[in-house]
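J.: In case you want the letters, here they are:
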Amino acid sequence: MKVLVVNCGSSSLKYCLIDMENEKVLAKGNIERIGQYNSIITHKINGEKYKKERNVYSHEEALKIVMEELVNSDYPAIKSFNEIEAVGHRVVHGGERFKQATIIDEDVIKGIEDAIRYAPLHNPAHLQGIRAIQKILPDVPNVAVFDTAFHQTIPKEHYIYPIPYEYYEKYGVRKYGAHGTSHKYVSHRIAEILNKDIKDLKIISCHLGQGASICAIQNGISVDTSMGLTPLGGIPMGSRSGDLDPSVVTYIMEQENLTPREMDRILNKKSGLHGISGISNDNRDILREIPNGNERADLAMKVYCYLIAQYIGKYAVTMNGVDVITFTGGVGEKGPDERKMICSYLNFMGVELDEEKNKVTNMEYELSKDDSRVKLWIVPTEEELIIAKETNEIINK
Amino acid sequence: MGLTPLGGIPMCARSGDLDPSVVTYIMNQANLNTEEVEKLLNKQSGVFGISGVSADFRDIEGASAEGNERASLALDVYAYRVAQFIASYAVTLQGIDVITFTAGVGENQFHSRKKICDNLKFMGLEIDEEKNKIRGEEILISSPNSKIKVYVIPTDEEMMIAKDTLELIK
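Which chain is which? The protein sequence lines are A and B, in order.
For the first sequence, the tail end lands on 397 under this note's numbering, and the numbers increase by one without skipping.
For the second sequence, the tail end lands on 1170 under this note's numbering, and the numbers increase by one without skipping.
Source of the hints: derived by calculation from the structure; they are not laboratory data.
Owing to the predicted nature of the structure, the values given are computational and were not obtained by experimental measurement.
Cβ coordinates follow ideal geometry from the N, Cα and C atoms, glycine included.
It is possible that some hints are incorrect.
These stretches of chain B come out as covered by chain A in the derived footprint (C-beta under 8 Å, 3 or more residues) [stated by the list, open to error]:
no.: 1; region: 1020 to 1026
no.: 2; region: 1037 to 1043
no.: 3; region: 1048 to 1062
no.: 4; region: 1066 to 1076
no.: 5; region: 1092 to 1100
no.: 6; region: 1133 to 1139
no.: 7; region: 1151 to 1160
Once the Cα atoms are required to be at most 25 Å apart in a straight line, the calculated SDA-like pairs of lysine to any residue come out as [stated by the list, open to error]:
no.: 8; chain 1: B; residue 1: K1115; chain 2: A; residue 2: E157
no.: 9; chain 1: B; residue 1: K1039; chain 2: A; residue 2: M20
no.: 10; chain 1: A; residue 1: K340; chain 2: B; residue 2: H1111
no.: 11; chain 1: B; residue 1: K1121; chain 2: A; residue 2: F348
no.: 12; chain 1: A; residue 1: K156; chain 2: B; residue 2: R1070
no.: 13; chain 1: A; residue 1: K302; chain 2: B; residue 2: G1007
no.: 14; chain 1: A; residue 1: K156; chain 2: B; residue 2: F1085
no.: 15; chain 1: A; residue 1: K369; chain 2: B; residue 2: K1133
no.: 16; chain 1: B; residue 1: K1121; chain 2: A; residue 2: G220
no.: 17; chain 1: A; residue 1: K269; chain 2: B; residue 2: G1002
no.: 18; chain 1: B; residue 1: K1039; chain 2: A; residue 2: I252
no.: 19; chain 1: B; residue 1: K1043; chain 2: A; residue 2: T153
no.: 20; chain 1: A; residue 1: K170; chain 2: B; residue 2: A1030
no.: 21; chain 1: B; residue 1: K1147; chain 2: A; residue 2: N320
no.: 22; chain 1: A; residue 1: K156; chain 2: B; residue 2: E1157
no.: 23; chain 1: A; residue 1: K369; chain 2: B; residue 2: K1043
no.: 24; chain 1: A; residue 1: K156; chain 2: B; residue 2: S1072
no.: 25; chain 1: B; residue 1: K1039; chain 2: A; residue 2: K302
no.: 26; chain 1: A; residue 1: K170; chain 2: B; residue 2: E1107
no.: 27; chain 1: B; residue 1: K1131; chain 2: B; residue 2: T1092
no.: 28; chain 1: B; residue 1: K1121; chain 2: A; residue 2: S372
no.: 29; chain 1: A; residue 1: K269; chain 2: B; residue 2: L1003
no.: 30; chain 1: A; residue 1: K156; chain 2: B; residue 2: E1035
no.: 31; chain 1: A; residue 1: K156; chain 2: B; residue 2: A1063
no.: 32; chain 1: A; residue 1: K340; chain 2: B; residue 2: T1092
no.: 33; chain 1: B; residue 1: K1121; chain 2: A; residue 2: T153
no.: 34; chain 1: A; residue 1: K170; chain 2: B; residue 2: K1147
no.: 35; chain 1: A; residue 1: K156; chain 2: B; residue 2: F1110
no.: 36; chain 1: A; residue 1: K170; chain 2: B; residue 2: A1063
no.: 37; chain 1: B; residue 1: K1133; chain 2: B; residue 2: E1157
no.: 38; chain 1: B; residue 1: K1114; chain 2: A; residue 2: P155
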């Protein structure tokens, strides 16, 4: 059983072909600058990387190129399309309708269309990817795996915003969250590692990457998460602001005479660590500048870690305590400096980081001291594999 | 509170902190300008916005007692978010010795005080339910075993302003 995972962004596409027998990645890659000149195609197989440049005008064309790479190239991953038994599509926003991964039919497509208003850049791209696969592989089932689905268990008093209720009813304004696939995987995995029933654990899952979110998992379900109506909310990220006093939004719009769309762009692309430091949206670039005496780099990291630690405190309230805190995503897995600074705020809650163990990166590893009341773990996430697994489960039901 | 008194915890009619995309999304959907959305977030949000009942906690608690679900939802959201903010300042301070309640709701709305404190039990906070029912006076409302002391201390802003004024002109 081989599953192709497709993740279409507005001008990019990532793909990964996985053999579910042994969960091995057969080939993976991405296509950047779709719809522009000189699109870049990167294909990886057997530890080799092949890069090409050509004009790719649409997601359909991009997916045809992917199929060529997989089958007809000098380095084929499979002999024919028939070996692909299902395609799993990452979908950023499923609105309130989708509470789990779903086999795609016309009605599901309609549901993804209905959620475009919450993810105007992502959902249309996902739909193009789905339509293209339906044309190229007409007999293969497509499955949508939603970033929001895992968070549909959040109780109403945690997802409703303190704004006029009619905006929830009329426009669907509420917290939806994101990274659900990752938080679900990590929370189940840590229960396995600790050899406990997930229902007996209070877990705070920190997914810290370019996008970043924190999730409180109790009784095996998501009970709150930091991202909100869109992936802009919550903790600060590489280039996103996270939650703000909303008067900051209107004040800047008035001062700089910006439209809502321009303001959205600033909050999504020029804020967060990049905004404060003025250096980059990559934690590593910012950390490198701190020993050189760059005060804004230092400030950016302090704000980042402080606000994350505060969110962890908030979710201890949500669950009336916490048993284990997990770190995943690029920064969570490979950022000992950030982990150390975050945990330094949490001693009062019984969090004790072992500084030697904390030097480990990029593997499943316990970071807490033996007598730490709250356990700390790195649990690397592998979103493509999780999407493939969910896809596999659903079509074999 | 942040740049302006709109930020932070939800209030009687103000939203407190939000995912900022909520602001731009509403502006786009309802076709509002910045002044209109600011007014909406300052005057029609908070517990009033959720409950649709009133900006007065007494009215909302009354409606909740009569079974109004949105009134109960508003009180739940309020207590939850206030308690979360208290925990985020426990992170800031590396622990808490004492929590004080003041101003209209803090001094008088003992149901909301209890709800907030109930969210903080894991921190070793225990409230004395009988003492908590006393309104508007300086009093310790935590139980003797509570790891965190909880006081009601009525505020007197006019007196502070008068004292500061006097000191400066002396």
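J.: Within 25 Å, alpha carbon to alpha carbon, are A/K156 and B/A1063?
T.: holds (19 Å)
J.: Using a Cβ cutoff of 8 Å, are there at least 3 residues of the region 1066 to 1076 of chain B near chain A, or does the coverage claim fail?
T.: It holds: at least three residues are needed, and the region 1066 to 1076 of chain B offers 4 whose Cβ sits within less than 8 Å of chain A.
J.: Is the coverage entry for the region 1048 to 1062 of chain B by chain A consistent with the three-residue Cβ rule at 8 Å?
T.: Coverage by chain A holds here, the residue count being 4 at a Cβ distance below 8 Å.
J.: Given as covered by chain A, does the region 1133 to 1139 of chain B meet the bar of three residues or more with CB within less than 8 Å?
T.: violated (count 0)
J.: Hinted pair, alpha-carbon criterion (25 Å max): A/K170, B/A1063. Please report holds or violated.
T.: With Cα atoms ~24 Å apart, A/K170 and B/A1063 stay inside 25 Å; holds.
J.: For the pair supplied as a hint, B/K1133 and B/E1157, confirm whether the alpha-carbon distance does not exceed 25 Å.
T.: holds (24 Å)
J.: Within 25 Å, alpha carbon to alpha carbon, are B/K1131 and B/T1092?
T.: violated (29 Å)
J.: Going straight from one Cα to the other, do B/K1043 and A/T153 come out at no more than 25 Å?
T.: violated (31 Å)
J.: Apply the coverage criterion to the region 1092 to 1100 of chain B and chain A: a residue qualifies when its Cβ sits closer than 8 Å to a Cβ of the chain, and three qualifying residues are needed.
T.: holds (count 3)
J.: Compare the distance between the alpha carbons of B/K1039 and A/K302 with 25 Å, and conclude whether the hinted pair is satisfied.
T.: violated (33 Å)
J.: Compare the distance between the alpha carbons of A/K269 and B/L1003 with 25 Å, and conclude whether the hinted pair is satisfied.
T.: Measuring from Cα to Cα gives roughly 21 Å; hence the hint holds.
J.: Could you grab the alpha-carbon distance between B/K1121 and A/G220 and see if it respects the 25 Å cut-off?
T.: holds (22 Å)
The structure fails to meet hints 6, 7, 9, 10, 15, 19, 22, 23, 25, 26, 27, 30 and 34 from the earlier list, while all remaining hints are met.
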